[in-house]
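Could you build all of it, start to finish, from the sequences and the hints given here?
Residue numbers (full-length UniProt numbering), protein chains in the order written: chain A, 1 to 251; chain B, 1 to 426.
No lab work stands behind these hints: they were computed from the structure. Treat the numbers as computed from the prediction; the structure is a model and nothing was measured. All C-beta atoms in this analysis are idealised placements derived from N, C-alpha and C, irrespective of residue type, glycine included. Just so you know, not all the hints are guaranteed correct.
[Said to hold, decoys possible] Chain B side only, calculated, beta carbon under 7 Å to chain A, not exhaustive:
1. Asp373
2. Phe376
3. Val383
4. Leu391
5. Ala395
6. Ala398
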Amino acid sequence: MLSIKNLQVKLEDEDKQILKGVDLEVEAGKVHAIMGPNGSGKSTLSYVLSGKGGYEVTGGSATLGDIDLLDMEPEERAAAGLFLAFQYPVEIPGVGNMTFLRTAVNAQRKARGEEEMSAAEFLKVVRAKAKDLKIDAEMLKRPVNMGFSGGEKKRNEILQMAMLEPKMCILDETDSGLDVDAMKLVAEGVNALRTEGRGFLVITHYQRLLDHIKPDVVHIMANGRIVKTGGPELALEVENNGYADILAEVA
Amino acid sequence: MADAALKTDTTEAMIASLSMPTATWAQPAREDALTRLRSMGLPERRDEYWKFTRPDTLTQVAAPKATALADDDAPMFDGVDRLRIVFVDGVFDAEASDDLRLEGITIERLAAADSDLHWAKGVYGVLEANGQTPVARPLAALNTAFATDGVLIHVTGKPSKPVNVIYIHKSDTSDVILHSCIKMDAGAEMTLLENGAAAARFNHVLEVEIADGASFHHIRSQGRDHERRAATHIFTRLGAESAFRSFTMTMNGQLTRNDCVIELTGDDAIAHVAGACVGDGDFHHDDTIFITHDAVNCNSRQVFKKVLRNGAVGVFQGKILVKAGAQKTDGYQISQSLLLDGDSQFLAKPELEIYADDVACSHGSTSGAIDEDALFYLRSRGVSEVEATNLLTLAFLAEAVDEIAHEDLREDMTARLGAWLTRRRG
Numbered sequence: 001m002l003s004i005k006n007l008q009v010k011l012e013d014e015d016k017q018i019l020k021g022v023d024l025e026v027e028a029g030k031v032h033a034i035m036g037p038n039g040s041g042k043s044t045l046s047y048v049l050s051g052k053g054g055y056e057v058t059g060g061s062a063t064l065g066d067i068d069l070l071d072m073e074p075e076e077r078a079a080a081g082l083f084l085a086f087q088y089p090v091e092i093p094g095v096g097n098m099t100f101l102r103t104a105v106n107a108q109r110k111a112r113g114e115e116e117m118s119a120a121e122f123l124k125v126v127r128a129k130a131k132d133l134k135i136d137a138e139m140l141k142r143p144v145n146m147g148f149s150g151g152e153k154k155r156n157e158i159l160q161m162a163m164l165e166p167k168m169c170i171l172d173e174t175d176s177g178l179d180v181d182a183m184k185l186v187a188e189g190v191n192a193l194r195t196e197g198r199g200f201l202v203i204t205h206y207q208r209l210l211d212h213i214k215p216d217v218v219h220i221m222a223n224g225r226i227v228k229t230g231g232p233e234l235a236l237e238v239e240n241n242g243y244a245d246i247l248a249e250v251a
Numbered sequence: 001m002a003d004a005a006l007k008t009d010t011t012e013a014m015i016a017s018l019s020m021p022t023a024t025w026a027q028p029a030r031e032d033a034l035t036r037l038r039s040m041g042l043p044e045r046r047d048e049y050w051k052f053t054r055p056d057t058l059t060q061v062a063a064p065k066a067t068a069l070a071d072d073d074a075p076m077f078d079g080v081d082r083l084r085i086v087f088v089d090g091v092f093d094a095e096a097s098d099d100l101r102l103e104g105i106t107i108e109r110l111a112a113a114d115s116d117l118h119w120a121k122g123v124y125g126v127l128e129a130n131g132q133t134p135v136a137r138p139l140a141a142l143n144t145a146f147a148t149d150g151v152l153i154h155v156t157g158k159p160s161k162p163v164n165v166i167y168i169h170k171s172d173t174s175d176v177i178l179h180s181c182i183k184m185d186a187g188a189e190m191t192l193l194e195n196g197a198a199a200a201r202f203n204h205v206l207e208v209e210i211a212d213g214a215s216f217h218h219i220r221s222q223g224r225d226h227e228r229r230a231a232t233h234i235f236t237r238l239g240a241e242s243a244f245r246s247f248t249m250t251m252n253g254q255l256t257r258n259d260c261v262i263e264l265t266g267d268d269a270i271a272h273v274a275g276a277c278v279g280d281g282d283f284h285h286d287d288t289i290f291i292t293h294d295a296v297n298c299n300s301r302q303v304f305k306k307v308l309r310n311g312a313v314g315v316f317q318g319k320i321l322v323k324a325g326a327q328k329t330d331g332y333q334i335s336q337s338l339l340l341d342g343d344s345q346f347l348a349k350p351e352l353e354i355y356a357d358d359v360a361c362s363h364g365s366t367s368g369a370i371d372e373d374a375l376f377y378l379r380s381r382g383v384s385e386v387e388a389t390n391l392l393t394l395a396f397l398a399e400a401v402d403e404i405a406h407e408d409l410r411e412d413m414t415a416r417l418g419a420w421l422t423r424r425r426g
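Structure representation (structure tokens):
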């Protein structure tokens with residue numbers, strides 16, 4: 001589903017190479033996890049895939065199905081089925097959460113040539129999905145992420161994911177800033193979305209999120225490359241021994 | 001001396017080009033205003049108060065040409081049950097206007113009010129004259145001296161519906177001076193709606209005397225004409241526990257100068273003034289506000305937001321003056337611009353002058369571009385760049401629009417601002 005080949009990326013304004021040839025295949029229905037120390041390029045990978053500015057692709061490719069992602073605007077990537085759950089969801093004063101969700105859902109539907117959701121239908125769907133994530137009506141009315149706690153922001157990301165029904169979900173450090181209960185709630189939200197047709201790329205520092213969202217494949221990223229790939233046991237190895245052993249082994 | 005002589009020439013040329021309406025109760029006020037005008041002279045760019053806005057097209061004898069826009073939008077305030085008073089290029093249109101009789105309110109036209117015992121003697125030119133210090137406002141004195149018409153409204157109760165003065169612009173060369181007075185008796189309430197571009201060049205003065213416990217709401221839209229020019233003044237004086245709330249929306253217009261002079265003279269009064277403007281290209285918009293706190297425990301609030309692109313210019317000069325003894329004053333002022341490109345400009349001069357020691361006054365002024373992080377967040381959810389920019393722009397304007405108390409009108413203003421942004425896609 002998501003196919004990344006020898007992806008090389010540098011900062012646009014600086015002569016600094018961040019990704020030095022990343023290779024990664026995420027199949028439909030599978031959950032892949034990327035772990036790695038700070039500064040390894042994990043978040044950059046998520047940003048480059050979703051189309052954030054400030055990066056320059058110097059080589060390689062990234063495709064979703066048969067679509068070349070790197071050539072598209074961020075909104076086109078979203079309409080094609082890519083979703084990024086942000087590590088730091090952005091606060092937007094003056095834009096209501098509901099307005100935002102509905103605008104996003106209908107913009108994607110329109111881009112795909114589908115009929116827009118009516119206000120009544122949208123309200124029904126969003127209320128049901130919000131309830132599952134313990135998001136109350138008050139949170140839906142407030143401006144996007146304004147005054148939300150860390151946990152509320154992450155649940156709001158998962159709500160957007162549930163409403164937009166993407167093919168490929170990238171979760172960037174979704175566990176950061178969450179207590180154990182909040183992490184469980186978020187993980188349940190993600191697990192509810194696991195289907196045969198949907199791929200997941202879960203970026204995390206720690207193994208504990210992977211206790212709740214069980215990955216099929218675990219990759220270790222370091223210094224702009226995937227240096228090791230294995231099963232769920234690889235995450236446990238990191239948890240027990242840190243990254244040093246693995247990095248020494250592949251060096 | 002050469003400069004002073006030039007100023008006198010400009011002023012005398014303007015005076016010579018106009019004729020004072022025939023004698024009525026307003027005659028002494030007009031004569032006084034003419035004397036004031038002669039002593040001040042019309043504004044020039046060198047005048048401190050006109051540092052950011054060139055007054056020459058407002059002070060030259062003939063109005064520069066301005067094409068009237070064929071507006072296909074639904075008429076402003078169409079959904080509101082209201083009493084309409086229509087002026088076309090400054091001329092009263094009886095056909096298009098409603099019956100001026102309404103319970104709790106007396107409405108007359110300046111040009112038709114000929115009684116010598118007129119209540120408006122206590123307002124016409126009085127608040128304007130009062131507002132000439134500490135800063136001269138010669139265009140308002142010019143207006144008092146030569147205004148050809150306007151509405152005189154005496155509010156004794158709580159009329160069942162708003163009064164809507166509609167200013168239609170048709171002629172490319174119309175040069176219009178209108179002057180309106182409103183006297184709110186104690187405990188009275190009214191909403192005044194004003195809309196339309198009015199003329200190629202429009203000079204408007206609105207004087208509002210608000211007695212104790214009275215409440216005045218004002219919502220104004222200055223039309224969508226591109227070339228029109230306007231200099232407007234609002235002068236208001238508030239009694240104890242009274243309220244003044246005014247919101248202005250400006251879309252387009254080559255030159256707009258909106259002065260608002262507010263004097264809080266009774267304790268526990270409230271004055272809120274707000275504006276939202278959007279300009280593209282040849283657009284210069286100036287909000288100049290002067291609020292004087294001269295009583296205890298009053299609250300004033302200024303919220304001004306400007307969206308500028310393609311070389312549009314926004315100006316904000318806002319002052320809060322707290323006189324000695326005006327304790328427990330709560331004054332708030334914010335002026336912000338959203339610059340949609342690098343060519344646009346925002347010039348702000350916020351001022352506080354405080355002579356009381358127990359007050360809370362704050363002011364802020366910012367100028368910035370669209371928040372890139374918010375833009376990317378929206379786009380990453382599938383919202384197009386244009387739509388995301390519009391959403392963030394409306395969100396920026398919302399703080400000013402939210403000052404409108406009526407929900408329907410708030411939504412209508414937001415929709416119109418949204419439509420303006422949509423028309424300027426790409």
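In rising order, the numbers of the hints this structure does not comply with: none
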